[in-house]
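Quick note, the sequences are listed as chains Y and S, same order.
Note that the first sequence covers residues 1374 to 1759 in this note's numbering.
Note that the second sequence covers residues 380 to 512 in this note's numbering.
It is worth saying that the hints were derived from the structure and are not from the lab.
Misleading hints may appear alongside valid ones.
Here's a subset of chain Y near chain S, in silico, CB distances under 7 Å, partners left out [said to hold, decoys possible]:
#1 1510
#2 1681
#3 1719
#4 1730
#5 1731
#6 1733
#7 1735
#8 1754
#9 1755
Values in this document were obtained by computation on a predicted structure and should not be read as measured data.
In this text, a Cβ means the ideal position worked out from N, Cα and C, and glycines have one as well.
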Amino acid sequence: MRRVYLDHAATTPVDPEVALLMAQVLREVPGNPSSIYAEGRRARALVDRAREEVAQAIGADPAEIVFTSGGTEADNLALRGVLKAREGEADGIVTTAIEHHAVLDTAHDLEAHGQARVSVIGVDRDGRVAPAAVGAAIDDRTAIVSVMHGNNEIGTLQPIAAIGAICRERGVTFHSDAVQTVGALEIDVRSLAVDLLSVNAHKFYGPKGVGALYVRTGTRIATVQTGGGQEKGRRTGTENVAGVVGLGAALRIAAARRVTESARQAALRDTLIAGIRARIPEATLTGHPTDRLPNNASFCFRGTQGEALVVSLDLEGFSVSSGSACTSGNTDPSHVLLALGLERDLAQGSLRLTLGRSTSDADVDALLAVLPPIVARLRAASGIAA
Amino acid sequence: MTDVEPHSTDHYSDAALDHLTRPRNAGTLAQPSGTGADANPSCGDRTVITVAVSDGHVQAVRFRTFGCTAAIASASVLTELAVGLPVDDAARLEPADILNALGGLPARKESCALMAIGALRGALLDASVRAPR
């Protein structure tokens, strides 16, 4: 059976050029970048080049790029590192109800251990944060504001530049988890007025297990893990040379393709959204109707449960996801969907379709052919009519 | 080369998937002898079962399930297991009978079988209470 992969927000396949380059590095570059002899210097040069590629793609200086093991570590480093650097003088974290767990759980973990006070800002029905609400939540002991750029579940984009301007005016460090937008949207860290920005390679056709944190020069941040002092002491540990090379190359390629590819995906996304609304009664689009990631079409279908939607589509050859994964036997619907004000039952029936480079018109047509009868069957089984 | 397709056991059986895609006896009996319901409050899944009982036997069973694949498959297969049985035997069906009939469920989903059994037992109890003596 032909498989149609529509879960690019979860992960993207590694670009073949990136995979080749990484394999070459693994085979031919055995050195440790910290070694001063030839093999080490070669590895160092590759890491430096990757740092320049990442910096160039987001409008940063190479010295402002800290490589990490991915988005989760970048988020942890941002929050924990800033709180640690400000210990004794500022302990407030201001964040939002729809952040990724990497931010929300980190904030609450710090709070549980008495290291932070956390203010969580709500969102409107479209999943948008009001910049004024961020401003109102900042007090004189706020250490960091963390607001994601594009939401991984519902695709809503946040007014990051406006929030950044408020933070800068108030003298508060501003972090944005941009894991879903880097590679898909134009990112310029200067105009967004961010101090810290999380990047994750496997969201833009790079390898899993490698990411970066942009740290604006002058930002007060302490190291979280201790060791040999790599990355100028900001993230110690021998560099993942092949991974970092893959990150840099993937972002360079994504940046070159971005304008045409994101416009192409946005048009397909709009076709998909309109097609679902035309074919399925009571299909609730989640997220902002227009200000959303170019590849995200997310819905809730009353009377269905997300896991059954995902399994049913898997049987038809489609890889998709749901905010109500129901994996542990004790699953609340996604905190993001509940934050929108959706009732629990409706939030249970969530389906996220995220497009990518491989997605074609035919894929969208095929999905539009199989989804309506699946929703109808699950609604018939539940007896909860649309 | 090392195998990159390790065996996975944490998936649905073909039988469970068949019940998802072709649910048996979905719906509600118009004039049931009894109605039972059960829910899993932790995930919001719920099942309603209606039964028709006469001559001491389960003559017909219908289910409604709002829930995951395991919840739907459990209720669907249970309707097949219960129909035609003497009421006492139907009331003694257990989650293990559902798991046997489905060829197992992923370990974290086994509580879904319990929900189906709870709804059936409730329906049979309701029928016994309502039955003319």
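Hints and how they fare:
Residue-level restraint check for residue 1510 of chain Y is violated (minimum Cβ-Cβ distance to chain S is 31 Å; threshold 7 Å). For residue 1681 of chain Y, the shortest C-beta to C-beta distance to chain S is roughly 5 Å, which falls under 7 Å, so the interface hint holds. The interface hint given for residue 1719 of chain Y is violated, since its Cβ lies 11 Å from the closest Cβ of chain S, which is over the 7 Å cut-off. At about 23 Å, the closest approach between the beta carbon of residue 1730 of chain Y and any beta carbon in chain S exceeds 7 Å, and the interface hint on this residue is violated.
A least Cβ separation of about 20 Å between residue 1731 of chain Y and chain S goes past the 7 Å threshold, and the interface hint is therefore violated. Residue-level restraint check for residue 1733 of chain Y is violated (minimum Cβ-Cβ distance to chain S is 26 Å; threshold 7 Å). At a threshold of 7 Å, the smallest CB-CB gap from residue 1735 of chain Y to chain S is about 23 Å, leaving the interface hint violated. Hint on residue 1754 of chain Y holds. Least Cβ distance to chain S is approximately 5 Å, under the 7 Å limit.
This hint holds: residue 1755 of chain Y has a C-beta 4 Å from the nearest C-beta of chain S, less than the 7 Å allowed.
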